[in-house]
Amino acid sequence: MLTPNSQAKQLILLSGKGGTGKTSLSAAFAHLSQKSGHPIPAIFVDADVDAANLGLVLQPDGAQQHEFWGGSIAEIDPENCIGCGRCEEVCRYDAALPTDEKHTLYEIDPLACDGCAACVYACPQDAINMTRQQEGLWFHSHAKYGDIFHAELFPGKENSGKLVTTIKQQARLAAEDNAIPLLIIDGPPGIGCPVISASAGADLALIVTEPSKAGIHDLKRIFETLRHFRIPALICINKADIYPQGVQEILRYADEQQSEVIAEIPFDASITHAMVQGQPVTVYAPHSPASRVIHDLWSTVVQRLNQTED
Amino acid sequence: MRIAVASGKGGTGKTTVATSLALSLANEQNIRFLDCDVEAPNAHLFLNPSFTKRQDAAILIPEIDAEQCTLCGKCVEVCQFHALAKVGKSILTFAQLCHGCGSCTWNCPVNAIQEIPNPIGKLESGLTPESIQFSRGVLTISEPMSTPIIRQLKRWEQPQPEQLTILDSPPGASCAVVETLRGADFALLVTEPTPFGLHDLNQIIGIVQEFNIPAGVVVNRDGIGNDVINAFHDKHNIPVLLRIPFSLEIAAGLSAGTSLIEIKPDLRQEFLHMFTQITRIVKTTEEGEK
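Line order of the protein sequences matches chains A and B. With our numbering applied, the first sequence closes on residue 293, and no number is skipped along the way. With our numbering applied, the second sequence closes on residue 323, and no number is skipped along the way.
One chain only, chain A, in its complex shape:
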């Protein structure tokens, strides 16, 4: 049950395809979790660390800022490099390159380096060292409707999965310390490393899809991914009236997979207008067609979370 006595339940919003409305819906859930007759204390997690947008609506204060140190990358000491090229031979990422045409010196392209250190062990001069990289920042903030854990991965960095794991762990600890029963996690697009990290330990996934060929193609991929990790998944269709044939196809798919479509949110310009105003749609336009459906959707999600095993 969503009571302060139990371990926090984790609700994650995912989609496969990007831009289906995960963040707009997460923001509305943040609002509704505090608004309804029985508010549920919740902590929010923006797990889309390379395109972190939940904060643009929930407006966190950035109260606590922490450095995120990811993996290391190689660096060649030009004083000791003799230009033998062993580093280039062993590097499978094309990161070790001569600095000039005569190959007198080599250097590492930091954007290409995978951090494997093969060159470090291959260098006969011991001229290569691994240097740890700060790859981003993470924050524990006070925001509208509750605390939020969010992060910024510096552009082009690796380890977004590790950063997601970091903020999720911190959010779980904070929930435990303050007897908060619910984490609402705004997930990343795709099905790979950051999605797997964001979904680990989730009690329920809500897949936000759209009734397009591309949306449905990627819905199937995220659904199978969640099934592989044994995370129960429900489906909601956003922009449902744009292409009714697509809705029929999703309903059939949900049926075949013994899942369920629990909401069909109509296309509604107020969702975008709310985003422009920096508000959840349920605050900006509480009686809009989308907000009405989202109200009911939230009630269903709470009910289903209560039914998940403790």
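Read the hints as simulated data drawn from the structure, not as lab findings. All values reported here derive from a predicted model rather than from experimental measurement. Since no wrong hints were added, every one of them can be taken at face value.
With a cut-off of at most 25 Å between alpha-carbon atoms, the simulated DMTMM-like pairs for lysine to aspartate or glutamate come out as follows:
#1 A:K203 / B:D89
#2 B:K155 / A:D77
#3 A:K196 / B:D299
#4 B:K323 / A:D83
#5 A:K145 / B:E243
#6 A:K85 / B:E322
#7 B:K323 / A:D77
#8 B:K107 / A:E58
#9 B:K323 / A:E90
#10 B:K268 / A:E135
#11 B:K155 / A:E207
#12 A:K145 / B:E110
#13 A:K196 / B:E282
#14 B:K323 / A:D92
#15 A:K196 / B:E295
#16 A:K196 / B:E163
#17 B:K107 / A:E72
#18 A:K85 / B:E319
Beta-carbon label-pair distances, calculated as ranges:
#19 A:Q17 / B:L104: 54 to 64 Å
#20 A:R115 / B:G321: 29 to 39 Å
#21 A:R213 / B:G121: 27 to 37 Å
#22 A:D224 / B:N81: 18 to 28 Å
#23 B:S280 / A:P272: 12 to 22 Å
#24 A:D60 / B:T309: 44 to 54 Å
#25 A:H86 / B:E110: 24 to 34 Å
#26 B:Q310 / A:G20: 48 to 58 Å
Here a beta-carbon is modelled for each residue, glycine too, at the ideal position from N, C-alpha and C.
Let chain A serve as the given structure and place chain B on it in line with the hints.
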């Protein structure tokens, strides 16, 4: 020339723009199209290739010959990704953590390790009805690492001389996007006129600037939000090359798998015009570098 279509934010229309650019030019250019969004590949839905070639995308992982292994632990020491562990009287391999760098194999003092391919996805290619040479990578469900597949996809089939390569990037701004943009001559950044679109456009600009590749912006669904993109243009001096208006007709057509230039044939001229501008910018940049 290689044009990478990227965005930061997901769902802004990368695939819509990349496929429409390819279709607009198909009559006059020899085109190679790479769908690098290996976690959620969608370009085939609009270009309808017939796949005639398939290959596993694999990472080389270590296989340890227990009879030769002396349990010295060197392989565990050199692995930076904790993909090997010494447990009791054996060395365990965790395939999903392995980056396939080869370091353990070379550093084993008794040559007890050989590398074996561990498939994490597949590569597929074939021609579209317009004779676009289409290829894509597909990450296997539950596998975490997409970047090695993108790297292999880019090297799989070499471009022919004078061929125009269009790369459809994954969303985000992390390593998979870096791999897609590496070596591109031009970055075409697709955004939508909203605070989310602008925020994520600023993320990807960081990568584009580090690579020092020229870029241009496509504003998709123009009219749905606010005009934050002009401020972006003023700050970074990156030109807006095309605006695609928002319309429910376009949204419905794309949902059905119809390409943008079939829904709005008038836009073909605008895509061709954009391509002329891109060609000019790339040429000017190359001359500047000389």
